Structure formats: C-alpha cells, structure tokens
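Protein chains in written order, with the working numbering: chain A, 1195 to 1645; chain B, 1195 to 1645.
In case anyone wonders, no lab produced these hints; they're calculated from the structure.
Copies of the same chain look alike in the list, so a pair counts if it fits in one copy or across any two.
Derived lysine-lysine pairs resembling DSSO-like cross-links, with alpha carbons at most 30 Å apart:
no. : residue 1 : residue 2
1   : Lys1460   : Lys1315
2   : Lys1460   : Lys1481
3   : Lys1460   : Lys1302
4   : Lys1322   : Lys1344
5   : Lys1560   : Lys1404
6   : Lys1469   : Lys1322
7   : Lys1469   : Lys1285
Just so we're clear, the structure is a prediction, and the values are computed from it rather than from any experiment.
Number of protein chains: 2
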Amino acid sequence: MIFDLKATFTFSNDISLIKNEIESSISDFNTVLFEKDKSLKIKIKNVKNNILNLEISSEGSFRPHNALLQMKNILSKELGKKHHLGIRDIKIENYTIDFELEKEPLKKINIPYANVDINEKQARIILKEIDEEFLRRNYIDRMISLVKEKVENQYYEGKEEFWNLIWKSEEKKHIWSKDPTEEMAKLGWLKQGPTKGKWFYRPQAAAILKTMEIIAIEEVLKPLGFEEIIESNIVPFEVWLKTGHLEGMPGEIYYVTEPVTRDIEKWERFIDLTKITREVPYDVLQKNVSHPTAGICYAQCPLIYWSFKGKTISEKSLPVLVYDKTAVSGRYESGGRHGIERVDEFHRIEPVYIGTKEQLSDLRDKMIERYKHVFNDIFELEWRMAWVTPWYMQQAGKIGDKGTQDTGTIDFEAYMPYRGLLFLFLQWFQELMHLIFHVSLGFHRVLMDFI
Amino acid sequence: MIFDLKATFTFSNDISLIKNEIESSISDFNTVLFEKDKSLKIKIKNVKNNILNLEISSEGSFRPHNALLQMKNILSKELGKKHHLGIRDIKIENYTIDFELEKEPLKKINIPYANVDINEKQARIILKEIDEEFLRRNYIDRMISLVKEKVENQYYEGKEEFWNLIWKSEEKKHIWSKDPTEEMAKLGWLKQGPTKGKWFYRPQAAAILKTMEIIAIEEVLKPLGFEEIIESNIVPFEVWLKTGHLEGMPGEIYYVTEPVTRDIEKWERFIDLTKITREVPYDVLQKNVSHPTAGICYAQCPLIYWSFKGKTISEKSLPVLVYDKTAVSGRYESGGRHGIERVDEFHRIEPVYIGTKEQLSDLRDKMIERYKHVFNDIFELEWRMAWVTPWYMQQAGKIGDKGTQDTGTIDFEAYMPYRGLLFLFLQWFQELMHLIFHVSLGFHRVLMDFI
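Here chain A stands alone, though its shape is the one from the complex (with noise of 0.2 Å):
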C-alpha cells in the first residue's frame, strides 16, 4: 500500500519566524517515525505567514493520517510552551491510498466519502477536503476494507452455497401431498394477516406447532443438558452493530421506534384527529415518534451474545447451554413468502452455547445423533443433511474445502411432497427449531467482539 496525504496546519499566529524550529521538531518526529515504519516520512512544503504545508507519505503499517494527529500534538505541545502558538484548524487537501486487490472488479467500486479508480488490480482511494474530525474517526482503513470486499462480493453475487452431502435417508413412501398452508386455511385452522407474512393459527394448527416445540424441547435440548432462557424481542442497534446485522440485511429488519414522549398532552393533536377522522394523522404521528433505534428480534443469538457481555466464565462451568423460546422474529420479505414456510414473521427455538472447541464438537455430534431420533424416529421423514457454508461466510471468505472446514453450518433437508423438490428443512422446519450450528470457532468469534 502507498499513502500520500497533503495536509495544511493553520496556526494562531505568523510561523515565519520560527521556521527552523518547525523544521527541526518534525525533523525529529521523522527519526521517531523511522523507527515504527521505515517507509514513513513528513516532508515540509511550504511556509508562509500562519500556514503549514505538509506531505506525508508511507507505504508500510504506520498510517500517514496517525503520524499527522501526533505532529500536531507535538507542534501544540513545543510551540504553545514556547511562543504561546496554537493550531487553529487541520485540512487535508489529498489523501490518495494506492493497494493492490487480489482480484479485478468486474463492474465500478463506489464508497462514500472517497474517489476511488481502479486500474485491473490496482486500487486507488483518493479523499479531498477531509477534516482532522474524519481523520480521527479512523475510517481509512475500513474504507480500504470496504473496496476490497467490495470486489470480492462481486465475484460471489449469484453463486450458489457451499454444499456437501454428509447423510442421506432412505426414500419414504408419501401419505399425503398437498400444499398443507392452503389445507388448512380451507378447514379454517389457520387465517392469514393481519399484516403481510403473518398468519394467526386457530386451535387445531397451534396444537401442530406446539407439539413440534414439546418434540424439540423434550427430544432434543432437555436431553442435551439446554436450559431455558427469556430474551428481548427488541434488539437494540448497539448490538446489531456488533453481530453485523445491521450491515448486513437492513431491509430485513422490523424497525422499531419510540414515542418521543407519554405526555398526553402532546399527543392530544394525533388523538382527536384520529377520533375525528378514524384515519391515522402520519405527518402528526412522525413528529411524535423517534427515529428507529432498534428491530425487531431477527435471530435470537446476538441478545443472548450480548447476555454474555462482560461475564467471565470459568473453565469448569462449560459448556454453557442456553436456548431462547419466547421473542418472535420478524424478518421483511419482499417476495416468495409461501404459506406458513416462507413468512414475515415466525416462532423459533434459538440453542447456543459455549463450550471448548472439543466439547461443541462433542455436543454437535450427540445434536446430530438426537435431531436423526426426532426425524426418523418421530417425524419419519425423508431427509438428508448437508455441509453449508453459507453466502455471508462465502463473502468473508471463510471457505474451506471439506478436509479444512470447521465453520460452517449444516442444513437439514426435507423432502416436500407437494413442492416436488427437495426444500430447504431449515427453512419448513422455521417454526420449530434453529437448526443452524454455530461452531466452535464461528461462535467464539462474534462473542469476542461483545468481551
């Protein structure tokens, strides 16, 4: 990588003067510099009156925009003693990043706040106008991770999942193979709405989903030593910040937004015009809502990540196993929603757990032993499992092949009768369980990020 960064000090006061004295401070700094990274070096370019023109350029680890907030502490520290000299403002002119990618985009890279041209696998990020504000925020090398993921995406969009077959059942005869959604809206047990992808369940379906809850619990997580735990159905953005959802599927997410306040007296206006009207006031409304600051629980496993925030666990009391039964996650589907397979908003059984890396795979294998029980034994289903690593860890780059993989999660697929093709089980079976494994070093991973 090579940065080159051109920045103007502005100080209090005329510096033509002291001119030497500037030149030997910074001079100074560059020794010190040199030690850190030799390719680093402030340059002088100009002095006149109370300005300061620097370059400052690199091409190791050490960052042109670090180097220049310490000169400026310095220069503060020296000449404010000395000649009682403060500076006023920091502006970066250019700021021009040149870096190699390990493939060449395949359509235009955009990011805010920079230019950035590429040139087959040469990057350039250029940054104009910035100030000392944005050079603290520390968004540089993010920026330069941004490009690269950028490209990498593109080599990923539209390719299929990582999958592998680990176990095949054998062929079931099917009693039965109509649409069960469209079934039972006929017989009444089950209604659609009130809202896009909800369905309300009458008694007769309720009592199917709830005994798949009893079978899950009873069959599979009480006898692994899972205990039960109450989460949030609100997910706050802090921690959304943290699992990466927010970045990752913002159009997925129920947002949820506050009043700005209970006093009923500014909300007298939006009360008698909707007693008036019986329509809703929106523009009323919008002045006295906040604007989103959380969602809706979309997967149960960051609020109880963010349970484990601060907490030290000891050796001898893993592994930790939990399961969250009771927030409703609500995930904004713009198309394919099906019947109670494909919805905006489903009833989840969320396992986690910590544990050393030789007692998940412990625990994986006896989950595998009990999820086979529940299918074979209590369900009979038709099904086959499958080793997945799917888009979002493709896109980080987290692939394996089936030798080195350890992350990664594995899918258990259903046959469906009435759809003819093998469905994802994951995806049926929504309503019952999480199946999705967080492994081992995948788990420990997002869980470091909340210690």
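Place chain B on chain A using the hints.
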C-alpha cells in the same frame, strides 16, 4: 342542538336568469326535508352571476351538511339536464353548531378544524372555510362528541378508579421480604436490558416465569376448556383504530416501521456508511423506512377479535374459549418502571371468550374459583379481589353502582411484603396472565365493531 350553515355554490355559468327555477327546486326539497326533520330549512340568501348563497338551519337530527350535499346532487341533476349547468364548487363560509353540555368545562376546550366557544353549559363549534370533501367525511358528529368527551374527561382526570372489595383472604406470615428483582439481579439470575424496561431472564429466573405459565395453563385455562391460538406480534393501525388503542394510548406504543424496499442497491449507502463509521446513519435509514404502520402487541385481545372478523359463530359452538401466550407485549413506559413488575416488555397469557351472557357469567364464576385455587393452594398468597371500573370505562361514562354494574374488571391484588403495600396483582402478575375479564357486554361491544 342548533345548526347553522352558510354555503356558496359556484355554477359553471350565469344562473340569474333561472333564479325562479332554482328557488322552486329548493322549495320542493324543503318539503321533502320537512318530512324528515321539521326544523330543517334551506334559505336562498343571494343569487348573483354564477353564485348561489344558501343558509341551512336545523334543530333536529338531520344535519344541514347532509342536506347541502343532497341539494347539490338535485341541482346538478336538474340544471345539468335542462341548462347544461354544473356546480363547480361548494364552499362553506360558516358552520355553527350550538349544543348543551351535561357539565360546565373546568378549563378551555380545543379541537382540530374548529373554534370552540363555551359559555357555562352552552357550547358552540364554529367551522369556517371548509370544503365539500370535509363535509362528506362526516367529521361533524365526531367533533361534537369529542367536545363532550373532553369536558367529561376533565371531571375524571386524576380521579381514582371505582373500587369495590369482593373478597379478601386471611393475612399470611411472610417468609421473605426482599425485592425479588434486586435479589435475582445480584445472583445473576436476571440481567437488565438491553433496552429500557426489558430484562434478560437467565435459566433460574426463566424457570420461575415458565413455571407460573404452566400453572396458569394447567390449573386455570385447560380445566376450563380454553384452547391455545397463536397470533401475530405486530398489530396494524387498522385493528387499533377499531379497538380504540390508537387514540387511547398512542404514547405507550412501540411503533413498527417497515423497510421501503429490500433491494440491496437501495441500501448500499446505508451499508457502506455503517461499515465505515460503525455508527448508524440515521438520515439515510429514515429515507429507507416507511412511517410507522403498526405497533408491537399492546394487548393480545385486538388480534383475537380481528380473527373473528366476518366469521359467523353458530349458537351451538358457543362458548368460544381461546388464549394466546405467544405474542410478547410492549408498552412504552416513560417513568415508574420498577424491576420486573413494571416493565416495557412482558409475557402474558390472554384468554378471550365469546358466549351468551349466561355462559360467560358461569365462566367468570368458574374462573374465579380456579384463581382462588392457584392463589390459595399453590402460591399461598395474601390477596384480595375487587370489582373495578378502570379509567377508560369511567371516561366513556360506563360506570354503574354495585348493583347495576355488569361491565368492568375484577382485579386480583396481592400483598407484596418488600413493598409494604397492597400492589395490583394484575401488575405483579402481568408476566403470567392477563387477569382482566372481558365480561360479556364489554367484549361483545368491541367484537361488534369488527363484524
């Protein structure tokens, strides 16, 4: 009530030559109106060029604005056919409604769209410069009701609930008097958060809550024949407009907003900024989400009522006895949060029933027996039972004395040793079961709005 409306019709052409014809049409219509309401009269005030000024007054039930709209239809039809004249525009310069209040207001009353003058018990609503659309929407009667309601509310503000003891248990010796939330938090059984008034129940606290759930179901609901249903956690405004929640407690709702799109390109800037800054770009988010269209479950009954919308229930399938325990209730509490007793999010079992008045009276008695059994034999509580008319029924004027009262709720109150006072068991118990009775009449009233 005295209504006085001054309106202007603007015709597509000069009408001065057909003044007589218009007079005769209006006179005929007056005769028709006289049959409906003797006090109603349309008077021509002026005819000039293409302008017709009218005044309509009434003291009865037939509203002048409805007469005006009918008058418009008649004139349009008659003059259109004969003279190819149309009515381009209706303007209401002034609409005054005088009516008497039951009580003199304690302070100034304001409502949208109109001025309200009140002199002792004499109220006057004055509307100026309103258009045809406004009249069509039939806001007038709701505006009159709103004025009356606001005066009534002034008398109930700060008033206590109607409260009448029904039954009282013996005093009990308390074996423990600490604050359960504090103690559980100290032991690590509970963790506050992640957002205001929410809790994370670790296995020990979850086990207590879930045990109470089992008791409620096995000891109260199942023995009485209730069946479980599963409803959505998200309630659209349309439903709350019918149940009155939207006008009743808009400041206590957790609102839900949807993404405007799931299209990943439309979210690119949001994603990029989130990745670079590790902060939420609220301005970009705001553009990508809709205004609120729904809220998180406030109580479970509205969606159960909704589920019966348009459904005919045969006499022989009564009583219908259902409950939901899946939706998680959210209520924005500005102050007064305390531990797990007064929270923003709670779990509740809400039973709803439809039946004849006799069936429901019988059910109420049996339910009280089951509650007694739970509180006396299982929890061994010191508690009491009171007949209560909550404020929202008081406001609506639904208060009777002990003898005539047949809507309202029965509250179950238990002594909380650590608080040193009788505390609403309903509140303390809110994590377990919604104990308010939807007594026959109250329930049917709400349901009727839906069907």
